[in-house]
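Respectively, the protein sequence lines represent chains A and B.
For the first sequence, the numbering used here assigns the number 292 to the last residue and increments by one with no breaks.
For the second sequence, the numbering used here assigns the number 704 to the last residue and increments by one with no breaks.
Keep in mind that the hints were calculated from the coordinates and are not lab data.
Hints are supplied without guarantee of correctness; some may be wrong.
[Unchecked claim] Here are the computed lysine-lysine pairs in the DSS-like style, where the Cα-Cα straight-line distance is at most 30 Å:
no., chain 1, residue 1, chain 2, residue 2
1, B, LYS457, B, LYS418
2, B, LYS367, B, LYS500
3, B, LYS521, B, LYS489
4, B, LYS546, B, LYS489
5, B, LYS500, B, LYS596
6, B, LYS521, A, LYS145
7, B, LYS367, B, LYS379
8, A, LYS145, B, LYS665
9, B, LYS666, B, LYS367
10, A, LYS145, B, LYS633
11, B, LYS680, A, LYS145
12, B, LYS666, B, LYS598
13, B, LYS519, A, LYS145
14, B, LYS694, B, LYS666
15, B, LYS521, B, LYS680
16, B, LYS330, B, LYS489
17, B, LYS666, B, LYS330
18, B, LYS546, A, LYS145
[Stated by the list, open to error] Between beta-carbon pairs, the in silico distance windows are:
no., chain 1, residue 1, chain 2, residue 2, range
19, B, LYS418, A, ARG283, 34 to 42 Å
20, B, LYS416, A, THR270, 30 to 38 Å
21, B, LYS596, A, ILE110, 21 to 29 Å
22, B, LYS671, A, TYR264, 30 to 38 Å
23, A, GLY63, B, ALA478, 28 to 36 Å
We treat Cβ as the ideally placed atom computed from N, Cα and C, and that holds for glycine.
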Amino acid sequence: MRSVPFQALAGQALVGLVNGSFYALLSLGLAVIFGLLNIINFAHGALYMLGAFGAWILLHHAGVGYGWALLLSPLAVGLVGVLVERTMLRRLYRLDPLYGLLLTFGLALILEGLFINAYGVSGLPYEIPEWISGAFNLGFMFLPKYRAWVVLTSVALCLTTWFMIERTRLGSSLRASTENPRLAQALGINVPLLVTLTFGFGVALAGLAGVMAAPIYQVQPLMGSNLIIVVFAVVVIGGMGSILGSIVTGLGLGLIEGLAKVYYPAASSTVVFVIMALVLLIRPAGLFGREK
Amino acid sequence: MKIRPKALLACGLLAAAVVLAAPAPMAGQDKVSGDVVKIGVLTDMTGVYADLGGQGSVVAAQMAIDDFGGKVLGKPIQLVSADHQNKADISATKAREWFDRDGVDMITDLLNSGAALAAAGVGKEKNRIVMVTGAGSTALTNANCNAMTIHYAYDTYALANIAGKQIVKQGGDSWFFITADYAFGASLESNTADVVKANGGQVLGSVKHPLGTTDFSSYLLQAQASKAKVIGLANAGADTINTIKSASEFGITKGGQQLAALLVFITDIHALGLPATQGLLVTEGWYWDLNPETRKFGQRFLAKFKSEPTMDQAAVYSSVSSYLKAVQAAGTDESNAVMAKLKSTPINDVFAKGGTIRADGRMIHDMYLMQVKKPAESKGAWDYYNVKATIPGDQAFQPLSKSTCSMVTPAK
């Protein structure tokens, strides 16, 4: 342990929040997909990587900048998701969720392998766009503008998603289709379409997180697999499928991990899993989950 | 089944013939085991170090075999390769399998210190040659040295002693380390800290991060708060890339602190781009743009592979070619005889001029202090370094007198 002045601590907390917002965005997509469709999507990390590569390819092969990539890349990733759902996942709905897990895990390995083969493991640089480069001097720390943008955008996105699913008509038909597909269908809701779109949306969120991560981290084939395990832990702690849970837990764990890096760096990569183990022992359904 | 007496007799005669014929090779007719010289490239094919060695190392080894003519002592040369996945146990298992079952005569590359030490241990046990080009730990030629291991390209002592020393001399006399939390990182940090202190500098602190960390901003803020003039990165590969990237984002270099990435390969610079790396001081054992010979080699390599060769890949080429020359000179592929030739013959090829392999297994050759070019200075992809200084091998590496290798320290 070491003594850390308050100002430095505030800086560290802020940095932790930035990472937390990535966790939140990624685990939100996972939670939507699991909560509504009961699919454990292990390809989520690979799709996040796909989003980042999408941004890089758009910039270097088509001259399309960050702003448009923020829209186009997640759309493309979402389309990939729709395709996967229609052609592969659909066949597994009647089976145990484990089969979906295995399928998506295999898909992730294939995607990563293809990109390693094409681009190597060191990855590619993606510059922070001009209009948002530079930093705010907060007195106690130097906050890059881009990181501030990431926190604000992802919190806004998370809240919008939560609102859409929990508080709108579209969201309620969605929840109805998953709680009781037959009844929902009888009431005139196109259940298969809704399911496909939901999967596409959850996956597009991963793609979006990828685009936002591209300027911060190296765009590289294994970027998703480094993150996905932590993100799964976030979903488990928040309560499998709980949307609000994944948002709050994502931000909270980012913060805790950030502080661990100051006080006891060796534990920074395990602290999340220690918390997961404790939560599972005390509240098996997760902090925000409901026991079934 | 009934055994016929005639068949039994035939078998007996055959056995006698074999026994009688057996001494013949010992008399000098056949000195190549299994009638083939087998070279194994044990490397990281898909992990964090795959770009600096990996498939490129296999290409380099094949080039060396082709340049040698594909045959040595009239016998074919065969190349095999495998992935050690940066794990010591996998590396040891593969090495054992190669030596015992497949008749591999020499193993090269080995990108991770743990994997290299493991394979070197098996080489010692089986009395087969292991030429480490990729890993950096000085343990290979000190505590863990043995008669069958050669440490070819670089080590953590040289990294500290060249770029580290130069940075202290230029006024960077207070350091904070960001260190990868495993054997290699610890070795690099302690070697560098020694150099810093020996040259009148001081170490203000350090932080250890788990291998494979994604976000380094927290560690960089700690380094920033330490007010050290130099932030030493005792890590490698993707970890170094991520640290450098975040440092430029958080304005570390603009704030007057200097980054010292102690182990950087040209593929890392390529991945990061010049805007994020310009001005970095880097220790290298080789660069494709040193002279016409290296440029020609670089072009040939580039035609077969997607990048210019790294120091490691060039060293794999050189290690294979030196090994084959030694087999030729020894007239056999028997390990002790080949090792004696390796240690007594200077190495003159595209990788090293006048290189020598010392008693402790350390290959001594010129090293280079490089500075990464500004984007405007670079003519294009792979044109990344200005050579700031050439450091003769005897000044670059740990002197033999300081070695703790049991083969060179006199028994007391």
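Looking back at the numbered hints, which does the structure fail to meet, lowest number first? 1, 2, 5, 7, 9, 10, 11, 14, 16, 17, 19, 22, 23
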